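Chains as they are written, first to last, in our numbering: chain A, 1 to 350; chain B, 1001 to 1259.
Among the hints, a few may not be true.
Just so you have them, the derived chain B footprint on chain A, three or more residues with Cβ under 8 Å [claimed, not checked]:
1) 26-38
2) 53-64
3) 186-193
4) 249-256
These are computed hints drawn from the structure, not numbers from a lab.
Computed from a prediction, not measured in an experiment: that's the story for all the values here.
Note that the Cβ used here is the ideal one computed from N, Cα and C, for glycine as well.
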Amino acid sequence: MRTLKLKKGNLDTFLAKISELGELWGPRKKGEVYIYDRIDDLRDLVKEPVITFLPIKKLFLPPRFQMLHYDGKIYEENINQFEQRIVYGVPPCEIHSLLIFDKLFGLKYKDPYYFKRREKTIIIALSCTPSSACLCKSARTHVIEEGFDLAITDLNDFYLVWVGTSKGDDLIRAAPELFDKNVTQEDIQKFIKWREVRDGKFKKSIDFVTMPDLMDLNYNSHIWKEFAEKCLSCGACSMVCPTCNCYDVIDEIELGDNSVNRERFWDSCMFKEYSMVAGGHNFREAKAERLKLWYTHKLKSFTDAYKKYSCVGCGRCVITCPVDINILSVVEALLTGKVDKDSLLTEKGK
Amino acid sequence: MKKKIGIYGFTGCAGDQLTIIHSEDKLIPFFDKVEIVSFRMAQSNNKECELDIAFIEGSITTEEQKKRLIEIRNRTDILVPIGTCACFGGIQSMKLGDGKYMDRYRKVYGNNKITIDKAFESLPLNSFVKVDYCIPGCPISSLQFFSAFTKLINDFRPVLYEFPVCTECKWHENQCLLTEKNLPCLGPITRAGCGAVCLDHSIPCVGCWGPVDEANIAYESKLFLKQGFSSQEIIKKFRMFGGKASQELVKSLIKNENK
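Based on the provided sequences and hints, a complete structural model is requested.
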């Protein structure tokens, strides 16, 4: 992998240059949150690493999108109209979530809606330092070896740029004069120091390796019922989770001409109707069963099938669930057998 | 043969029927694809005959309405309440079951006797007849109504979301008012379908689509208690749009409070 240096002041010039090669996307501010969005004005782009409200999955499988249109005779799939995109600012944990999706959606029947967008997207990863809910070091997703075209690490004096693919190399070639090939021993030391500082900043950790066993042992534990008592079944955890990928498909009929739009939208196994089948039977009617499924998937069964946890440690569930059911509180309960029934994510207001 | 459709209104603001009439881009196919046999707000010469589908707005508050509702049920294949009043009882049933109905009655009508009909506390349609689907909203969303309408007239089951507003709110990437602003938001226990429209404008959800089947009222109220609201304020909030469904739901809260 080629590594280069980019001067601090040259990032904007570089981004302006490469935005000629495709639509530039990245985090921007919306009210008090950050969202991935198309960037028309470079001043809107947040160049520092941030945790966006929804993870990167929304750029590849939007919350709700039209799959195809059927006019009564022929159907037209909406998969060939995507523009070339360059996404800046993707943190390592989310690169790992895309690697998980690549596996999941790339099995025997490849998901064209995902892969067409994926093929049209160049990814510029951005190393970050952990915030209080980050668990990527535990999940081993704080480092990346693949899944990006360029990766940028901010070493204060300059950026270290890793070229991951030939597409990434093409970006460099758009403005080679901005880069310095000469990575010195001093630079390497700076990088090592930066890594040490980052690794020392994690406030929470989870021993993921031990989780499959603990999930097995806790299969009949009372903790699931206790969490179920708290759970609002609001689906927020699934929406913000970078690896949750369940969806529903609906055909919307147009009243005027009886044409059909087939739409696909995010679903959650936390919803009662998610596991409802024909005849009104529901094989996961109890909330406790649904919660157990969610965490079994994240901590155990995905590991069995793909040798990888499907939690990338982004911490979004930790900062989102109003009743404090998240990867941290569940792991805590798996370890201690205790559920804190009073912990809630709201404070005295008014 | 075109399906025969009737659209009726009982006690409510007529906003749901108005939403249909205000869907100008759909009106021509709406009157063309089916036979609208009865829709008093939109046409004259209505006839009362056998129906394929009846869409009914409003709650039931008098004996005469009750009789009429049962009569419509008897001559329609499918009956669909539209709007939160018809589905849950609406704001006019926020005090349902408090035992003070006659006090309120006297406050409005004094000791005058109403002779034309006998009134009672506002109730949703399913208190008297079987309903097949439920299209809530205050008022209904045109998008959701016509999606269900088109499905039904083509002999498909309509798809009506049973998940809460939070889901749609997250899709729109709105900062959570409940956890980040400590505001009493009913999003987690309220039916989606509105498109999180209030939340898009940073206004907490007031629950106007009615409660979801699995509404976790116990923990929703714990959140509000922590925010500093009193039990009375919380119950009021839950009952504002929740009608008969929330009457049942808050029972456990009242029990705890009395302990």
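Numbered hints the structure breaks, given as an ascending list: Number 3 - this is the single hint that the structure violates.
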